[in-house]
Each structure stands twice: as structure tokens, then as C-alpha cells.
Amino acid sequence: MFDFISDYDDPTLLGAFWVTVQLTVFSAIGSLIWGTLLAAMRVSPVPLMRGFGTAYVNLVRNIPLTVIVVFSSLGLADIFGVTMGAPDDFELQGFRLAVLSLVAYTAAFVCEALRSGINTVPVGQAEAARAIGLSFGQVLRLIVLPQAFRSVIGPLANVLIALTKNTTVAATIGVAEAALLMKEMIENEAQTVLIGAVFAFGFVVLTLPTGLILGWLSKRLAVKR
Amino acid sequence: MTSVLYDAPGPRAKRRNIIFSVVFFVLLALLLWWVYTVMDDKGQLEWALWKPFTQAEAWTTYLLPGLADTLKAAGLAMVIALPLGAFFGISRLSDHVWVRIPAGAVIEFFRAIPVLLLMLFANEFYSRYTDVSSEDRPLYAVVTGLVLYNASVLAEIVRAGILSLPKGQTEAAHAIGLRKGQTMTHILLPQAVTAMLPAIVTQLVVIVKDTALGGVMIGFTELLNTRGTLAANYANVIPSFIVVAIIYIIVNFILTSFAGWLEKRLRRSKRSTGAVLGKDDVEEMNAAEVGGSFGTGAGGTI
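In order, the protein sequence lines correspond to chains L and C.
For the first sequence, the residue numbers in full-length UniProt numbering are 1 to 225.
For the second sequence, the residue numbers in full-length UniProt numbering are 1 to 302.
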């Protein structure tokens, strides 16, 4: 009944899901860093940075991820020559372009989640920090962001789960991850429903523990006020 | 000042802010300069590539039909998903365990699966087991995928809308002798629908964006797909991407602003109970305890 799985060895079923996991992990790290920078820009005292942060978030959030991913392949790589350090290895290049697109897109949502977290920090905390002579950077780094991060684990978990599901969009530029393998299998094999169920199960396995663990963490770590 | 993070700047802070502004401006200018030179080198700035967008043909043959298909799929998906979502959302609030648990399982299952997989599956399913013609199939598949996913997201919005109503509403309904079904249809739902409206409009943005998946993966002739045909015709890759991105931004910006306006208006209105679900409320709900007994919090309204 499950014979079809062993017929595919490049990539194998597990291999394809491993690519999905890798896409998720790299994009998560990247978008956390870029999203935090964007959030810092959006709350910074420099108007130009604030303007850039706001414009970036509002524009990127309204463009479909698919458009960004396809653009990274047809526009960035082909015309701008952004090969992500792998000009000859198209497989690696596609993977890295997909990570770049996912970071660019997801960071906007990370930024918004973080900003809402910054808003939950009581004004008194920042005032006290300033009163003992900390600078903007220090206030942000030592006082506000640590508290903000703890209060936004829940929303960030949602972003991470959405990111896990969004990695399937990488299939549009031929990255050999789960969705692309499913497309291939489902077209060639007769067991449409069974294949669908196998891949659906794979994503449930990926997202369910993430949601449960981070949900538990967000309750545990929330700053009690 | 918008932020609690800094005081009104003094002389030193002002100087520092100016330095930061200048550095940031230079970096930004360098980036834009690089983009400009590359586009110039590759001839993507030539007027011939942009000219089609000033003429009717590019719009009437490619972009507008594509946009129409995008909006058609999004609209259909919304209209079908809403009653389905309401049904599952209310089922999950049922007093009976054997209704509540299956409804919850269905909702969590479809929220955990990427829309793209649902579309691919639906596409193949229709081609194998039904006699939907191959021209209609992409639209059917896109709408099916969007409906399955968004119905489960809307179910959670409906549930949050009903839960956000003051408890006194249900108690008063029971006090005047309404049954459970009557309480739901006559008292709770009408109020919940008003409270949910902004969140529902926001969800439309997600649906519009997701239609683009159908264009690349199963050949649905929506905006991103017709962009490909257009670029193949005029050889204007970058300009076509820019124009299409702007169209998406405008459409979604209108929806977002409308949702924001609606939310503000409903919060002000004296006739409602004061419960209004904005986008943030729903996102928070997914993560917080309302996420259900075995909720994954697999929200992801993005």
C-alpha cells in the first residue's frame, strides 16, 4: 500500500521533509534577526529609520509570498545576478534564494509581533531605565526587548508555524522540499488520497509539537504583572 | 512622541540622531544606486519595457483579466468558507463532547496543513475522480484549497467572536426562555458577526495573497500567472514584477484600511456590546488559552 514511497529516492520522503525543516530553521533564524532590527528601527528616535521600517513592513506584508519567491528566482538571480554564493549549483542557489525570500517576508511579521510586545512593557520600566542614565540602545537591549520577547512568544510561535507552512512556496522555484515531492508523487501514482494523507500527516507532525511546546513556554515565561 | 523609549532629544541626542540619519541615508542611497545601475545595465529601465503599461492592451489582455481571476477566486473562497467556518466554529462550542471534539479536530487539522498542499491535492483529486473540465479545474482547485484552510481559520474567528460577547447576553436569553439554538441564532450570532467583521475583512487579504500559489503551481490564470505571459511577450521581467506587486499592494491596502475603518467605527457605535475583533485580537487568541483544549495555536494569519 505504501510501496510508492520507496520508489522515490531523489529526494526520499524523509529527505524532502528534511529540506522543509532546514528551510524553516534557517529562515526562522534569519527573520528573527532581521525582524528584530526592523522593530528596533520602527521604535527608534531617528525619523528616517522609522519611516523605512514602517514602509518596509506595510509594503512587504501586502505582497504575496509567492510573488517574492518567484521574483527572487526570475528577478534577483537572473537579472540582478544575486546568486547567493552559488552561481553554478542551481539546487543550492534555489534553496538560498528561498531562504532569502522567506526571511524578507517573515521578518515583517516578526517585526509587528515584537512591536506589539514592546507596547506591553509598562512606561515606568523605560522611564526608570532612563532615570539611571541608560541610553536608548541600552534601554532597548537590557530592559525593554527582554521583557517584550517573553510576552510575544505566543505570537512568534504563530509566525513560526506559518513560516513552516510557507516553506512549501519554495516549491514554486523548484526547491526539492515536501510540496514539490508531493506534486510529483501525486501526479505519477494512483493513490491520490493516501499520498495527500501522508504529506498532511508530515506537516501536522511538524507544526503540532511546535505549537504545543511554544504555547506552554509562552505561558511559563510570560512576565507576570 | 510615539514611543516610551526615549525622551525629547537634547543637544547631544540630536547630534547623534543626525549622524544616524546620514549614515542610514547613505546606506539606503547606495542600495538604490546599485539597483539602478544593474537595471540600467540590463536594459530594464528602457522606456519600451515600461510603455506597455501606459497602453490599454497590456491591461485588457493580461493584467485586468488576471486581477479579475484573483478576485473571483478570493471572493468565491470567502463566500463558501464563511458559512462552513461558522458551522465548525459553532460546533466547537457545542455542549456535546461528540460534536465539540470532531469539529475541533477538523479545524486543527486543516489549519496545520499548508494551503499549497490542499490546492495540489484538490487539483489532482478533481482530475482523477470528477469530470470537472480541465479549463475549470485550476479555479476549482484553488477555491477548494482556500476554502478548506480559511474555513478553519474563520471557524476560530467565529468562535472568538461568540466568546467575546458579554456573558449576560446568554444569561438574559435563557432567562426569557430561549432554547440553546434560539440563543445562538437570535442573540449571539448577530452580535458576533458585527464583532467579527474587521477580522473577516483582514482574512480576505490572506486569501488574496494565497491565490498567487495557484498561478505558479497549478496554472490558474490569476495575476501572477498573467504577469508571466505579459513578461514573455514584452521581455520586461522587472517592470512587470513591480507593476504586479503594486497592484497587490493597492488591493490589499484597500482591504486593510477598510478593516481598520470598520473596526474603529464598530468600537465607537453605541448599539453594539463593545466587543470587536481586530486582527490582533485573533492572532493573540490563537496563541492564548482560547486556543482550545488541544489547540496547537497553529494560527498563522499571514
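These are computed hints drawn from the structure, not numbers from a lab.
Possibly wrong hints are sitting among the right ones.
Stated by the list, open to error - Here are the in silico distance ranges between beta carbons for each label pair:
no.: 1; chain 1: L; residue 1: T120; chain 2: C; residue 2: E171; range: 27 to 37 Å
no.: 2; chain 1: C; residue 1: I18; chain 2: L; residue 2: V223; range: 28 to 38 Å
no.: 3; chain 1: C; residue 1: T61; chain 2: L; residue 2: V223; range: 21 to 31 Å
no.: 4; chain 1: L; residue 1: L37; chain 2: C; residue 2: W33; range: 37 to 47 Å
no.: 5; chain 1: C; residue 1: K167; chain 2: L; residue 2: I213; range: 30 to 40 Å
no.: 6; chain 1: C; residue 1: A56; chain 2: L; residue 2: G51; range: 30 to 40 Å
no.: 7; chain 1: C; residue 1: A175; chain 2: L; residue 2: L14; range: 51 to 61 Å
no.: 8; chain 1: L; residue 1: A128; chain 2: C; residue 2: P65; range: 58 to 68 Å
no.: 9; chain 1: L; residue 1: V21; chain 2: C; residue 2: G260; range: 31 to 41 Å
no.: 10; chain 1: C; residue 1: L163; chain 2: L; residue 2: W18; range: 36 to 46 Å
Said to hold, decoys possible - According to the in silico footprint, chain C covers these stretches of chain L (three or more CB under 8 Å from chain C):
no.: 11; segment: 7-16
no.: 12; segment: 24-34
no.: 13; segment: 90-100
no.: 14; segment: 169-181
C-beta: ideal position from N, C-alpha, C; glycine also.
Outcome of the hint check:
1. In this structure, L:T120 and C:E171 meet the distance hint of 27 to 37 Å, their C-beta atoms being roughly 32 Å apart.
2. For the hinted restraint 28 to 38 Å between C:I18 and L:V223, the CB-CB distance of approximately 35 Å keeps it satisfied.
3. The supplied range of 21 to 31 Å is broken by C:T61 and L:V223, whose beta-carbon atoms lie about 57 Å from each other.
4. With their beta carbons about 22 Å apart, L:L37 and C:W33 fall outside the hinted range of 37 to 47 Å.
5. Taking 30 to 40 Å as the suggested C-beta distance range, the pair C:K167 and L:I213 conforms, at roughly 32 Å.
6. In this structure the supplied range 30 to 40 Å holds for C:A56 paired with L:G51, their Cβ-Cβ distance being about 35 Å.
7. Judged by the Cβ atoms, the range 51 to 61 Å given for C:A175 and L:L14 holds: they are separated by roughly 59 Å.
8. In this structure the hint that L:A128 and C:P65 lie 58 to 68 Å apart at CB holds, the actual value being about 60 Å.
9. Range check, L:V21 to C:G260: about 37 Å between beta-carbon atoms, so the 31 to 41 Å window is met.
10. Take C:L163 and L:W18: their Cβ atoms lie about 39 Å apart, and the range 36 to 46 Å holds.
11. Coverage of the segment 7-16 of chain L by chain C is violated. Counting CB-CB distances below 8 Å, 0 residues qualify, and the rule asks for three or more.
12. Coverage of the segment 24-34 of chain L by chain C is violated in this model, with 0 residues showing a Cβ closer than 8 Å to a Cβ of that chain against a need of three.
13. Remark: the segment 90-100 of chain L is not confirmed as covered by chain C, as 0 of its residues place a Cβ nearer than 8 Å to a Cβ of that chain, below the required three.
14. Coverage of a stretch by a chain is defined here by at least three residues with a beta carbon nearer than 8 Å to that chain's beta carbons; for the segment 169-181 of chain L and chain C the count is 5, and the condition holds.
Checked against the numbered hints above, the structure violates hints 3, 4, 11, 12, 13; every other hint is satisfied.
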